[in-house]
Amino acid sequence: MLKIIDLKVGNIGSVVKALDYIGAEYELIDDSQHLIGASKILLPGVGSFDVAAKQLIASGFYDALQRSILEEKIPILGICVGMQLLAKFGYEGGKSKGLGFIDAEVVKIECKDDTIRVPHMGWNSIDYGLNTFEIFDGNDNDGCYYFVHSYHMVSEDQDAVTATVQHGADMIAYINKGHIYGAQFHPEKSQAVGLQFLRNFIVQC
Amino acid sequence: MLRKRIIPIVLLDGFSVLKTINFKTRRNLGSPITVLRTYNTRNVDELILLDIDATIQNRAVDKFTIADVAKDCFMPLTVGGGIKTVEDIRDLLSKGADKVSINSAAIKNPTFINEAASQFGSQCIVVSIDVVKVDEIYKIYNNGTIIEGLSLSEWINQIELEGAGEILINSVDKDGTMAGADIELASLVSSKSKLPVIYVGGISSPSNATEVAKTGVSGLGISSIFHFSNITPKECSDNLNENGILAR
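So the sequences go chain by chain: A and B. In terms of the working numbering, the first sequence opens at residue 1 and continues consecutively. In terms of the working numbering, the second sequence opens at residue 1 and continues consecutively.
To be clear, the hints were calculated from the coordinates, so they are not data collected in a lab.
Straight-line C-alpha distance at most 25 Å; calculated DSS-like pairs for lysine-lysine: (1) A:Lys108 / A:Lys95; (2) B:Lys24 / B:Lys108; (3) A:Lys17 / B:Lys71; (4) B:Lys214 / A:Lys112; (5) B:Lys192 / A:Lys112; (6) B:Lys84 / A:Lys8; (7) A:Lys177 / A:Lys95; (8) A:Lys8 / B:Lys63; (9) A:Lys54 / A:Lys8; (10) A:Lys8 / B:Lys71; (11) A:Lys112 / B:Lys194; (12) B:Lys63 / A:Lys17.
My request is simple: use the sequences and hints to build the entire structure.
Below you can see the structure in the form of structure tokens.
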């Protein structure tokens, strides 16, 4: 069963609604004990890195996820701040520790000129480079996804592959390392292409 | 590259959809659910729903309407009207809103912006500004009164400092006129602010939408031409794209 982690720090209603719409079976959990038996894990994220990171530790999900992801190799998809939490550190609200599954840090988007506004808010296309990502199957390569974030992940991880989004600089829009997946965009707010992305995570990953 | 957003704006009086002219003359347009469903199926970039009587009537936006709209809405939904407390915001977000638009409460107490942004994140907090032009000077307008002693540029600065995530700028003079946008106002606010800016008021055609997009604003709020003509959000996006401005 797909388990959705509710850290109780932001509204995850949109993600739940999207999964209902595509007919996915899931269990919403706020107790880290209930992570046992998950076949897949979804970590949505709304709010700031530091608050979510603190809550990960306080709720026991930090330790539970280390087991599920590193030992049991259960596929996980992090969305927005949920993706950022897969990194080692984040700097939003001061430096705090993430889950550390990806050798990466989460830093503020720099405004290099007046045309680059922060938050990076709105619809943007994704550059897949030379990669083919099955999780995007069924969507056009020039399809747009909805982004809203002021911080972005910078990865040094040699084992991770990424797709990027352009806003002043190339930023990570999507990252994959084995059974670990992260989307900086909000699939649950990206109309049909977003729903297809979620469907693919459930069916293929 | 980030696309310019074409955003239908739906005004409510608590029960029905309506459209104003210069924030005064009103025309009733029926059930919000029907109107909003139409936009939903048209695959628009985003929706903004504002209850323009909530503040004056000292009530909140109808939660059932929001929940019903949000049910199969897989795009960002901004809701505004009568928001005064962090609890009001929490309530709307739990009903399916992604962002909230604050206006009167922010003018009364600017630190409310900060309180809301630290609680829910900047990305969630839109500050809406109504503007009238008096003797060639843009003034802030709120529920029928011009706010003296607070200049537009001061207010924009303060909104940013308090941690808002987006600015929604409404031209009262152009509202509902379909006579063309106030390009000068759009340029002014866009250049003064580092935040994403959504311009609203008077957009008369897809080509007029393109003119507004050229000012650097991030989004175009459009209401009347979608309600009263055959022009669709897609025609506006297409016009932007044809003129070299990326839209979705």
